[in-house]
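Visitor: One line per chain: the protein sequences are L and Y, in this order.
Residue 1 is where the first sequence starts when you use my numbering, and the numbers rise one by one after that.
Residue 1 is where the second sequence starts when you use my numbering, and the numbers rise one by one after that.
FYI, nobody ran anything at the bench for these hints, they're computed from the structure.
All values derive from a computational prediction rather than experimental measurement.
Virtual Cβ for every residue (Gly too), placed ideally from N, Cα, C.
Some hints here could point you the wrong way.
As the list claims (entries may be wrong) - Cβ-Cβ distance ranges computed for the label pairs, FRET-style: (1) 105/Y with 103/L: 45 to 53 Å; (2) 475/Y with 418/L: 24 to 32 Å; (3) 26/L with 22/Y: 50 to 58 Å.
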Amino acid sequence: MSPENAILWAIAVPLIGSIGILLTGKIANLRETVTLVTAVIMFLIVGSLTHIVLSGERPSVTLFEFLPGLTVTFTVEPLGMLFGLIASGLWIINSIYSIGYMRGNNEGNQTRFYFFFAIALASAVGVSFAGNMLTLFICYEILTLCTFPLVTHSGKPEAMKSGRTYLGILLGTSIGLQLLAIIWTWHATGTLDFKAGGILDGHVSGAAISVLLFLYMYGIGKAALMPIHRWLPAAMVAPTPVSALLHAVAVVKAGVFTVVKVIVYIFGYEFLAEQLTTNWLVYVAGFTILAASIVALRQDNLKRRLAYSTISQLSYVVMAAAILAPLSIMGAVLHIAAHAVGKITLFFAAGSIYTAAHKTEVSQLNGIGRKMPWTMGAFAIAALSMIGVPPTAGFLSKWYILMGALSVEHYFAIGVIVLSTLLNTGYFIPVIYNAFFKEADDKDDPHANHGEAPLPMVIALTATAIATVLLFFFSGLPLELATQVVGK
Amino acid sequence: MSATLSAHLPALQVVLPLIAAPFCVILRKSAAAWFIALVFSWVSLGISIMLLEQVLTHGPISYLLGSWPAPWGIEYKVDKLSAFIMLIVTSIGSITMIFAPKSVNLEIPKDRVYLFYTMYLLTFAGLLGITITGDAFNLFVFLEISSLSSYVLISLGSERNALTAALRYLILGTVGATFYIIGVGLMYQMTGTLNIADLAERLPEVAETRTILVALGFVTVGIGLKLGLFPLHVWLPNAYAYAPSVVTAFLAATATKVAVYMLLRVYFTIFGTDIFAALPIDEFLLVLGLIAIVTMSGVAIYQNNAKRLLAYSSVAQVGYMVIGISMVTATGLTATILHLFNHAMIKGALFLALAAVFYRIKSVKIDDMAGLGKEMPYTMAAFVVGGFSLVGVPLTVGFISKWYLILGALEKGWWPVAALILFSSLLAVIYFWKVIEVAYFKPRPESADTVSDVPLSMLIPLWVLVGANIFFGTNSNLTVSTAMGAAKALIGGAP
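Let the hints inform the model, and build the full structure from the sequences given.
Guide: Rendered as structure tokens:
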């Protein structure tokens, strides 16, 4: 298969799979097989592009021209390659997990669930392979729309309310700000292609750059910069597999991925570094990191705590990119990968606790580590990665971000990282401690006699926990891709 | 033979439906009347396509009725803009006619169905006449033909309110037509001609006179009434809400478009862009357009009748077109002309979807549409795609027009305008999502009968329009290049 065809198939396969899911909806086992097979094929196709990208090629394919001079084009470059690998790879594991979760909790409308999940993955890979800003925007919007039915899956009034917040903020920011920024960019430069070094140099200058940066950064609502972060906790009403893959990986990473992409390929980080008016982004992101961590500290609901932790971790990526040093941008790229495997594990654990023990609050988890050693073990590893303890992936990315901040002597960023590491410790370590070392206090609970979650779920969360560690020891591929992104 | 026939296409375009209309009355049979309307709509569509082709390859066509030379005789004139508008009117007409019979038989008493088709053909002929004529007075005649017959069409609605809605439209529509003819009269007084090309030549000499400026004012208000330009739109929501479903779909997609066409003709062909220096009508239009897109979208949010909701949305959409005109630039006019076509596809699809809903559940109240997502999956899916297009989601036609409109605003440096356009798109998300939420996420009430989707004879035309939304949203070469060509011709002044 030529790389051009591989790009198209990587997007087409999940779409075809979604139709297969609809057709086999009546037979649950067959439907789940379709999902798994689709996920595996998609991952293989995406994976087949890796060595081509590593060798320096940038395969590109144009689908059609939909406005004069503007095309729907997909181009694979290192950053998109990494995001594509993460999203499609974790989809396999997530599908295994979903099977356990959806059946274990007797969820309704499962065909709809798997159908939109497949479309969400197609659009996530579309985002990662987008060759120009307009293509990215299209896939970004489709990703928003097709995850709405997943967020409101239960159909309860509370879910509908959250769904409105979700859609309102994501569509509002993207149409109101991002689209304006895109049309402005097109108006000013006559191109929307992603180019190393950016496209704006010589076309936009002075304070206008800062305004444009503002439109982009707040137009990418999926990156959840404060104060447009509220959709993310709202999305937690979704079934946990959705929170795990979409709201810890695909959707939110599409957000910070777009941020990095815009900073590196639209503005050009060297061009931005010359500007005097654009360093506000570091401070906004730094504030989000700290504020979200403090809020996370006060959440008793486990999924909400994880959601705020995600908001904080996403801003790590934004801040790292905004420091504008090559090393910190590498850190941003690595953090997209590191946070993905870590956070999906945490959500998997939360979902398996809910399925096995019917518990949702942090305060109910005393002693649960003894009944669910695999789940809580994985949780502990992933939490350590969030804090940044070696030997986990989180250490690696934090290291690069810190190095980058030091290289340009950005002491605010360094302070934020140190402080937030303390806060991360503050909201994760007590959970682990209580789970393993405190006595259970749920003697009266009818669900007290539970063991581990269903096997597929345990397999999935163990796999991602192992991946968190492996990423530390075998970091060659992501590092190489990250190096190519900054071009140094 | 074929050469002579093709030379007479401009006349046939108007004469054929005019002649066909009486046959419907003579035959009186519903089926026969429908058949005539269907055939003549499609013939007109064919003629439109041929005319557009001729214009694109050979340039504007001038046709002298009865071979009387202009400016004494009546001249028919086809340029890119009018050919494009005729394509819109005839394609919407052809598609709604396929859709019509089942819906019409349900909503209109059996003994009056032939009247529906008669009036439809007259409206159709009138709209085409407005578009094709090169004579300002002849335009008035066609305006009256289309208006009078559309009043009848609206009054055919099954609720009694349809009569008051039609009456209100009749009064305001007649005021509008009168204003227009007063304006034309004043222009005639100053120039002594009614031929549009001739007017364009002679007006500059007298452009600064008060009479001509008054004429411009009268014509603007007159057309503004037909257009549903805020705040002259008061007739529109009720007319759309109470008219038979098919009528709403046809009129919403064509009548306001033709009114915009009249505005473009008067401003850019007859008066020319210099007139805006004498009378700041562009700024006036901009303000009205902005108020329309924000307030009318806001009002739409609070509607419980889906047809009325879309009617308010139409008033808002007219606002977009007027904003494009007010830019007085090639990009702005391109956006307006594009949106004429695109909005016809969008609203045509949405109103046909509602017609299908009404066909099954006898209501278009949003509350009554609960659970329809499951029961009428194909109709509601069409509604969803149409709604996405209305909002301006990429890969739909709505996105294309919005793109050019915002580009036009940025070219002028009108940042707040660009922001307001986007803001009103968000309002569109809200009112459209209201329907989606009820249809897809609320269960069907226990008391309601289960319904199935509508027959293929309705689904196919509906989905043809939906398909057009996506096709021209992903492949905008034809529409954009035609609209651009038409816009440049207008802004250049020459007809």
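Visitor: Each of the hints needs a verdict: does it hold here or not?
Guide: Evaluation of the provided hints:
About 49 Å separates the C-beta atoms of residue 105/Y and residue 103/L, a value consistent with the hinted range of 45 to 53 Å. Judged by the Cβ atoms, the range 24 to 32 Å given for residue 475/Y and residue 418/L is violated: they are separated by roughly 54 Å. For residue 26/L paired with residue 22/Y, a C-beta distance near 56 Å keeps the hint of 50 to 58 Å intact.
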